[in-house]
Amino acid sequence: MNPLLTINSLKKQYDEETVALNGVSFSVHEGEFVSIIGPSGAGKSTLLRCINRIIDATEGEILFDGLNVGNQNKGQLRKLRTKIGMIFQHYNLVNRLSVIENVLHGRLGYKNTFNGSLGLFTAQEKKQAFQIIEILGLEKQAYKRCDQLSGGQKQRVGIARALIQEPRMMLCDEPIASLDPNASKIIMDHLKNITTQMGITCLVNLHQVNVALKYSDRIIGIKHGLKVYDGPPKSITKNQIYDIYESEAGELILELKDQNEA
Amino acid sequence: MKLDYFSKKRWTGVIFLAVFIVLSIWVASYTRFDLSRGLGSFVKAFNWTISSFYPDSASLVRLPAILIKLRETIFMAIASTTIASVFALFFALSGSKVTQVNSFLSIVSRGIASFSRNIPVVAWAMILLFSFGQSSLTGFLALFVATFGFLTRAFIESIDEVGHEPVEALKASGGNYFHIVFQAVLPMSLSQIISWILYMIETNIRSATLLGILTGTGIGFLFDLYYKTFNYHAASLVVVVIVIAVFFIEFLSNYIRRLIL
Ligand SMILES: Nc1ncnc2c1ncn2[C@@H]1O[C@H](COP(=O)(O)OP(=O)(O)OP(=O)(O)O)[C@@H](O)[C@H]1O
Ligand SMILES: [Mg+2]
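As given, the protein sequences belong to chains A and B, one line each in that order. Convert by adding 320 to the 1-based position in the first sequence; the result is the number in our numbering. Convert by adding 187 to the 1-based position in the second sequence; the result is the number in our numbering.
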């Protein structure tokens, strides 16, 4: 089976000094749950944003579902983006609008300028939005303004907005970095369900190594714009994790199972 | 080190105060502004106001004429503000970092805005007097240009405050530029934008009154006319009407603000 996403020697240079990605390659198969870990400034956010071309890569190639992302024109790119949902650390909602309005924003990629600008959505789209809101347990908040929600609820709105796109893949940039452990668990469980039950591939940037090890089918370690680890969570060793984060043993809060000790 | 830091801060304060005092004394002596005389003439002016600057029953005959001119002035202020705000919104959208189409256009629109903003309304009126003479068009254009500059600047700040985050999210789900403007940027900034427009309408009603003296139109002209023909009672009626109108407009716009915020 062909991979859903293939990244070949991806480079991104912001300016003279800042090389955020320095030749990263990997591929992701349909239905995989992949976590990207690595220290602050390693290039994780840049990597995700190159995949849906919120940022244009400097060099290298990205293939999504057989399409070369870099070669798409404006209209093709919009169409391609509908197939890739994105959720963010700071939720990136339009706070002054209600939950249902924010969820419907996920349909904008399918709308023409007139209908999309005026927010004219079809009855079918609204029905679908309410179904997704219910799946995420937000039915009581559907008409609330988003600035009245808790962080965990906001992130669920973010997930709902991505799901209504009917995406094949989710890019999640530190989805739980601003949440408490309870809300974090709820969000991670939703993401995991999205992969196992809906078959949507997830690529998640995470700062919490334990969470990454627990939920992922595969871990990718990034350091200084380079891929330094790529493999299943079972086989990663403590030393490899210390190496990714460039820290001494004991400085990280880690709970690895004994079999992973090296 | 720490002590040094604090004493340095204190000395800057002392020097600043000294310079300020010297400067005020110098300016006062230059313009021969004498505090006791200033206060004396204030008392005299007050007495005069009490004795002859009030509307009497004869001046009330002129009330309908005054109200017509007041309406003219208020309508001009509102028209110039609303039309300027439409132009300002387009310039602000291309000027703000969040919604700019490209950085060249952004610099151009910021430049035009700060040019028209940094020249005061009165200066614009004087410049425009040469081309359009004493007409309401002059007043309208002067208010329009200055308001356009101010509102562009204010709108750019309101839009900048929205930030990249919701914009990025809508872009990622496949939304186009207009989707982003109408579904994210405007919902987030509209109440601020309306608030600025209301503020500018208030300000422009005051400016339009004064401009009227210069351009010979509206209620400002009427005041000038009565004042110069020694009809102080009618002139004071104009003042009363203006004050009531300004209070009423401010009350109204505060009410609208409370509704939208
Ligand atoms: N818009 C930008 N302009 C210039 N440099 C940038 C920009 N965005 C990121 N960088 C730089 O690129 C590098 C990688 O940043 P990136 O945000 O991808 O890291 P990250 O791994 O997501 O870090 P974190 O875990 O802190 O979110 C950093 O050195 C950062 O300073
Ligand atoms: Mg990041």
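Since the hints were derived computationally from the structure, they do not count as laboratory data. Incorrect hints may have been included.
Stated by the list, open to error - Restricting the straight-line Cα-Cα distance to at most 35 angstroms, the calculated cross-link-like pairs of lysine-lysine (DSBU-like) are:
#1 A:LYS399 - A:LYS534
#2 B:LYS195 - A:LYS331
#3 A:LYS394 - B:LYS284
#4 A:LYS403 - B:LYS195
#5 B:LYS284 - A:LYS543
#6 B:LYS284 - A:LYS399
#7 B:LYS284 - A:LYS446
#8 B:LYS284 - A:LYS464
Said to hold, decoys possible - These stretches of chain B come out as covered by chain A in the derived footprint (C-beta under 8 angstroms, 3 or more residues):
#9 276-284
#10 347-356
In this text the structure is predicted, and so the values were computed from the model without any measurement. Ideal placement from N, C-alpha and C gives every residue a C-beta, glycine not left out.
query: Are B:LYS284 and A:LYS464 close enough, with their CA atoms no more than 35 angstroms apart?
result: holds, 30 angstroms
message: Need the status of pair A:LYS394, B:LYS284: alpha-carbon distance at most 35 angstroms?
response: OK: A:LYS394 and B:LYS284 at ~21 angstroms, within 35 angstroms.
- prompt: Taking 35 angstroms as the top limit, are the C-alpha atoms of A:LYS399 and A:LYS534 close enough?
  reply: Measuring from Cα to Cα gives roughly 33 angstroms; hence the hint holds.
message: Verify this for me: three or more residues of the region 347-356 of chain B with a beta carbon less than 8 angstroms from a beta carbon of chain A.
response: Holds, because 4 residues of the region 347-356 of chain B bring their Cβ atoms closer than 8 angstroms to Cβ atoms of chain A.
query: Taken at face value, is the distance from the CA of A:LYS399 to the CA of B:LYS284 at most 35 angstroms?
result: holds, 25 angstroms
field: Coverage of the region 276-284 of chain B by chain A (three or more Cβ within 8 angstroms)
entry: With 0 residues closer than 8 angstroms to chain A, the region 276-284 of chain B misses the three-residue bar; violated.
message: Would the hint linking B:LYS284 and A:LYS543 be met if the CA-CA limit is 35 angstroms?
response: Since the Cα atoms of B:LYS284 and A:LYS543 sit roughly 31 angstroms apart, the hinted pair holds (cutoff 35 angstroms).
task: With a cut-off of 35 angstroms on the C-alpha distance, tell me whether B:LYS195 and A:LYS331 pass.
output: violated, 50 angstroms
message: Against the 35 angstroms threshold, does the CA-CA distance of A:LYS403 and B:LYS195 hold or violate the hint?
response: Given that 35 angstroms is the threshold and the Cα spacing comes to 61 angstroms, the pair is violated.
Pairwise hint evaluation, A:LYS446 against B:LYS284, where the allowed Cα distance is 35 angstroms at most: holds, 33 angstroms
Consistency note: the structure conflicts with the earlier hints numbered 2, 4 and 9.
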